[in-house]
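S.K.: Here are the chains, one letter per residue:
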Amino acid sequence: DAKTTQPTSMDCAEGRAANLPCNHSTISGNEYVYWYRQIHSQGPQYIIHGLKNNETNEMASLIITEDRKSSTLILPHATLRDTAVYYCIVRVAMNRDDKIIFGKGTRLHILP
Amino acid sequence: GAVVSQHPSRVICKSGTSVKIECRSLDFQATTMFWYRQFPKQSLMLMATSNEGSKATYEQGVEKDKFLINHASLTLSTLTVTSAHPEDSSFYICSAPGGRSSYNSPLHFGNGTRLTVT
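For the record, the sequence lines run as chains A and B. Under our numbering, the final residue of the first sequence carries the number 112; numbering is consecutive throughout. Under our numbering, the final residue of the second sequence carries the number 118; numbering is consecutive throughout.
Calculated directly from the structure, the hints in this document are not laboratory data. Note that this is a predicted model, so its numbers are computed, not measured. Any given hint could turn out to be false.
Each computed DSSO-like pair below joins lysine-lysine, with the alpha-carbon atoms no more than 27 Å apart [what the hints assert, rightly or not]:
#, chain 1, residue 1, chain 2, residue 2
1, A, K3, A, K52
2, B, K14, A, K3
3, A, K3, A, K104
4, A, K69, B, K66
5, A, K99, B, K14
6, B, K14, B, K64
7, B, K20, A, K99
8, B, K20, B, K55
9, B, K64, A, K104
10, B, K66, B, K14
11, B, K64, B, K20
12, B, K20, B, K41
13, A, K99, B, K41
14, A, K104, A, K69
15, A, K3, A, K99
16, B, K66, B, K41
17, B, K64, A, K99
18, B, K41, B, K64
19, A, K99, A, K69
20, B, K55, B, K66
21, B, K14, B, K41
22, A, K52, A, K69
23, A, K52, A, K99
24, B, K41, A, K104
Away from chain A, derived, C-beta distances all over 12 Å, residues of chain B [unchecked claim]:
#, residue
25, T17
26, Y36
27, L46
28, E59
29, E63
30, K66
31, L76
32, T78
33, D88
34, I93
35, P106
36, G110
37, R114
Note that the Cβ used here is the ideal one computed from N, Cα and C, for glycine as well.
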């Protein structure tokens, strides 16, 4: 079973920041938080990951609470192309051979 | 960056025939690859873990004789859907962990194969 819970869907106006929450209350000390998104009929795309510090890259920012039980993915200026299903995954490391289970994700709709 | 190539992107076949899907890691070696299936409006469901040089590990409920997996080399895994039926129509996605970078490098996904069985 997936170790994360996310809202089923969210709407965000184009140009505004999209904040996607994820709960991972049973996360272990050595597990990272990874975010992926899947645009319709494509394979999942890596966005960002972090352990306990906040992270930022060219796509998004990741805010992890101090107790690490939840996190928020922030798309700072959402565009229509950001419409996708966003998956939050917790895992020790992505390059291990352990299997990866996806939850249901959040379907993000960017509204023009 | 690391790339996983999946082929074909779309395939239509007749009921009873077999279809082979290839998954290649283009610039890194992958001793393990994962195969997922996705039905419309649902999440990815792990089918099996492909292991180079040994047998694949199948998830509960996935028929190993129907979904044949061969991990022939460190850069190629294949999934063959044997005696396909309309209920096998789905989006099949492969992925491979790691690459040249660090311990916690991302999992890389292919772009999927849309299988339609008529």
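S.K.: Work down the list of hints and note, for each, if the structure agrees.
M.R.: Status of the hints after comparison with the structure:
1. K3(A) / K52(A): At roughly 17 Å apart (the allowed maximum being 27 Å), K52(A) and K3(A) satisfy the hint.
2. K14(B) / K3(A): Outside the cut-off at roughly 39 Å; violated.
3. K3(A) / K104(A): 11 Å, holds
4. K69(A) / K66(B): 40 Å, violated
5. K99(A) / K14(B): Given pair K99(A), K14(B) is violated - Cα atoms ~32 Å apart, limit 27 Å.
6. K14(B) / K64(B): 21 Å, holds
7. K20(B) / K99(A): 23 Å, holds
8. K20(B) / K55(B): Cα-Cα ~17 Å, so holds.
9. K64(B) / K104(A): Holds, because 25 Å separates the two Cα atoms, which is no more than 27 Å.
10. K66(B) / K14(B): 16 Å, holds
11. K64(B) / K20(B): Holds - the C-alpha atoms of K20(B) and K64(B) are around 14 Å apart, at most 27 Å.
12. K20(B) / K41(B): The hint holds at about 24 Å.
13. K99(A) / K41(B): This hinted pair holds, its Cα atoms lying about 22 Å apart.
14. K104(A) / K69(A): 18 Å, holds
15. K3(A) / K99(A): The hint holds at about 13 Å.
16. K66(B) / K41(B): 24 Å, holds
17. K64(B) / K99(A): 17 Å, holds
18. K41(B) / K64(B): 25 Å, holds
19. K99(A) / K69(A): Cα-Cα ~22 Å, so holds.
20. K55(B) / K66(B): 15 Å, holds
21. K14(B) / K41(B): 24 Å, holds
22. K52(A) / K69(A): Status holds; Cα separation ~10 Å.
23. K52(A) / K99(A): At roughly 22 Å apart (the allowed maximum being 27 Å), K99(A) and K52(A) satisfy the hint.
24. K41(B) / K104(A): 9 Å, holds
25. T17: Holds, because the least Cβ-Cβ distance between T17(B) and chain A comes to about 23 Å, which exceeds 12 Å.
26. Y36: Violated, since 8 Å does not exceed 12 Å.
27. L46: The claim is violated: L46(B) sits with its nearest Cβ about 6 Å from chain A, within 12 Å.
28. E59: 8 Å, violated
29. E63: The assertion about E63(B) holds, with a minimum of 18 Å to chain A.
30. K66: With a cut-off of 12 Å, K66(B) remains clear of chain A, as the shortest Cβ separation is near 20 Å.
31. L76: Per Cβ check, L76(B) is outside 12 Å of chain A; nearest 17 Å; holds.
32. T78: 17 Å, holds
33. D88: 18 Å, holds
34. I93: 5 Å, violated
35. P106: 4 Å, violated
36. G110: Non-interface label fails for G110(B): nearest chain A Cβ at 5 Å, not farther than 12 Å.
37. R114: Given a closest Cβ separation of 7 Å, the condition is violated.
Hint compliance for this structure: hints 2, 4, 5, 26, 27, 28, 34, 35, 36 and 37 are not met, and every other hint is.
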